[in-house]
Amino acid sequence: MHFVSVVDVEKDLLEANKKIAEKNRALLDRYNVVAFDFMGAIGSGKTLLIERLIERLKERYRIGCIAGDVIAKYDAERFRRHGVEVVPLNTGKECHLDAHLISHALEDLNLEDLDILFIENVGNLICPTDFDLGAHKRVVVVSVTEGEDTVRKHPMIFKTADLTVINKIDIAEAVGVDPLKMKRDAESINPKMEVVLTSLKTNEGLDKVVDFIVRSKEGFKG
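Under numbering that gives the first Met the number 0, the first residue of the sequence shown carries the number 0, and numbering increases by one thereafter.
Careful: at least some of the hints might be erroneous.
Said to hold, decoys possible - Have a look at the derived ranges for each label pair, beta carbon to beta carbon:
1. 42 with 172: 13 to 21 Å
2. 14 with 70: 24 to 32 Å
3. 80 with 177: 31 to 39 Å
4. 18 with 219: 38 to 46 Å
5. 129 with 219: 19 to 27 Å
6. 58 with 148: 35 to 43 Å
7. 11 with 202: 44 to 52 Å
8. 172 with 89: 19 to 27 Å
9. 22 with 42: 31 to 39 Å
Said to hold, decoys possible - Dumping the calculated DSSO-like pairs for lysine-lysine here, alpha-carbon to alpha-carbon at most 27 Å:
10. 136 with 18
11. 220 with 10
12. 152 with 136
13. 152 with 207
14. 10 with 72
15. 207 with 180
16. 72 with 182
17. 152 with 191
18. 72 with 136
19. 72 with 92
20. 216 with 57
21. 57 with 180
22. 22 with 216
23. 191 with 180
24. 191 with 220
25. 92 with 136
26. 136 with 191
27. 182 with 200
28. 10 with 22
29. 158 with 216
30. 158 with 92
31. 17 with 191
32. 136 with 200
33. 216 with 17
34. 22 with 92
35. 22 with 207
Hints listed in this document are in silico derivations from the structure and should not be mistaken for laboratory results.
Quick reminder that beta carbons are idealized off the backbone N, C-alpha and C, glycines included.
Work out the full structure, taking the sequences as your base and the hints as a guide.
Okay, structure coming up:
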């Protein structure tokens with residue numbers, strides 16, 4: 000009986016989160032803002048990827064960021080240096096953002112002055128999976144340093160993603176990892192998902208990620 004009650008509580012929590020996420024998405028739609036939820040483990044390269052995307056896109060689009068972390072000010076400061084509006088979200092002991100936190104962050108953003116919103120989730124490949132934030136697209140960033148089998152060990156997060164970025168391929172040989180094997184694993188888990196191999200040291204593959212963002216924005220119908 001106790002087990003059933005725990006399951007019920009979790010279900011209720013996710014249902015409540017889903018309703019708030021839908022409201023968040025409707026609000027973004029109203030202002031024609033396309034939001035991207037960036038998920039991935041600590042050290043995968045999420046922050047640097049977002050920085051590179053800002054630099055490539057800020058002349059074309061008005062960009063805002065939400066930085067989520069145990070202590071969010073550090074990544075928020077990095078984004079702010081690129082001249083974009085940023086809201087930091089401190090999660091404390093929580094290992095993911097949720098729709099309720101995002102709803103408050105949206106209140107602090109000037110949505111009428113934005114075209115694109117980048118949300119950096121907390122560094123984790125498990126916790127964020129079930130919590131829809133209200134973003135239009137989900138991006139998973141995974142690094143070759145996490146091991147060749149990290150994709151197949153965490154299938155659920157890839158099932159929910161629209162794009163997977165396999166990062167740090169410039170050091171793949173040094174760490175004994177085949178990034179193409181990781182790519183095949185991701186594609187087998189979610190055949191509809193796009194997969195891009197990147198090195199943010201050389202910028203290899205970055206154009207493909209930029210193209211994904213642009214296509215998502217230009218094809219948006221709020």
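Status of each hint after checking the structure:
1. Our hint of 13 to 21 Å for residue 42 and residue 172 holds, since their Cβ atoms are close to 19 Å apart.
2. Distance hint check: the CB atoms of residue 14 and residue 70 are about 30 Å apart, consistent with the given range 24 to 32 Å.
3. Checked against the hint of 31 to 39 Å, the pair residue 80 and residue 177 passes, with Cβ atoms roughly 35 Å apart.
4. Between residue 18 and residue 219 the beta carbons are some 22 Å apart, a value that contradicts the proposed interval 38 to 46 Å.
5. For the hinted restraint 19 to 27 Å between residue 129 and residue 219, the CB-CB distance of approximately 25 Å keeps it satisfied.
6. Restraint check, residue 58 to residue 148: a C-beta distance of roughly 40 Å satisfies the suggested window 35 to 43 Å.
7. Look at residue 11 against residue 202: about 45 Å separates their beta carbons, and that is inside 44 to 52 Å.
8. About 38 Å separates the C-beta atoms of residue 172 and residue 89, a value inconsistent with the hinted range of 19 to 27 Å.
9. Range check, residue 22 to residue 42: about 33 Å between beta-carbon atoms, so the 31 to 39 Å window is met.
10. Taken as a hint, the residue 136 and residue 18 pair is honoured in the structure, with Cα atoms around 17 Å apart against an allowance of 27 Å.
11. Between residue 220 and residue 10 the alpha-carbon distance is near 31 Å, which puts this suggested pair outside the 27 Å criterion.
12. The hinted pair formed by residue 152 and residue 136 meets the criterion: a straight-line CA distance of about 22 Å does not exceed 27 Å.
13. For the proposed pair residue 152 and residue 207, the alpha carbon gap of about 26 Å is at most 27 Å, so the pair holds.
14. Between residue 10 and residue 72 the alpha-carbon distance is near 32 Å, which puts this suggested pair outside the 27 Å criterion.
15. Restraint check for residue 207 and residue 180: the C-alpha separation of about 19 Å stays at or below 27 Å, so the hint holds.
16. Between residue 72 and residue 182, the direct Cα distance comes to roughly 33 Å. Violation of the 27 Å bound is thereby established for this hinted pair.
17. For the hint linking residue 152 to residue 191, the alpha-carbon distance of about 19 Å falls within 27 Å, and the restraint holds.
18. The straight-line distance between the Cα atoms of residue 72 and residue 136 is roughly 24 Å, inside the 27 Å bound, and the hint therefore holds.
19. Between the alpha carbons of residue 72 and residue 92 the distance comes to roughly 15 Å, so the proposed pair stays at or under 27 Å and holds.
20. Between residue 216 and residue 57 the CA atoms are separated by roughly 13 Å; this keeps the pair inside 27 Å, and the hint holds.
21. Simply put, residue 57 and residue 180 have alpha-carbon atoms about 34 Å apart, too far for the 27 Å limit, and the pair is violated.
22. Using a Cα cut-off of 27 Å, the hinted pair residue 22 and residue 216 holds, with the two alpha carbons roughly 20 Å apart.
23. Taking the CA atoms of residue 191 and residue 180, the gap is near 17 Å; set against the 27 Å cutoff, the hint holds.
24. Restraint check for residue 191 and residue 220: the C-alpha separation of about 20 Å stays at or below 27 Å, so the hint holds.
25. For a cut-off of 27 Å, the pair hint linking residue 92 to residue 136 stands: about 26 Å separates their Cα positions.
26. At most 27 Å may separate the alpha-carbon atoms for a hinted pair to count; residue 136 and residue 191 meet this at roughly 13 Å.
27. Distance restraint check for residue 182 and residue 200: the Cα-Cα separation of roughly 19 Å lies within the 27 Å cut-off, and the hinted pair is therefore satisfied.
28. Restraint check for residue 10 and residue 22: satisfied, since their Cα atoms lie roughly 19 Å apart, inside the 27 Å limit.
29. Note on residue 158 and residue 216: the hinted pairing holds, with a Cα-Cα distance of about 22 Å set against a maximum of 27 Å.
30. The straight-line distance between the Cα atoms of residue 158 and residue 92 is roughly 26 Å, inside the 27 Å bound, and the hint therefore holds.
31. Pair hint residue 17 plus residue 191 holds up; C-alpha atoms about 23 Å apart against a cutoff of 27 Å.
32. Straight-line distance between C-alpha atoms of residue 136 and residue 200 comes to about 25 Å, which keeps the hinted pair within the 27 Å bound.
33. Under the criterion of a C-alpha separation no larger than 27 Å, the hint pairing residue 216 with residue 17 is consistent with the structure, at around 23 Å.
34. Between residue 22 and residue 92, the direct Cα distance comes to roughly 26 Å. Compliance with the 27 Å bound is thereby established for this hinted pair.
35. At roughly 30 Å between alpha-carbon atoms, residue 22 and residue 207 are farther apart than 27 Å, so this suggested pair is violated.
In terms of the numbered hints stated before, the structure departs from hints 4, 8, 11, 14, 16, 21, 35, listed from lowest to highest.
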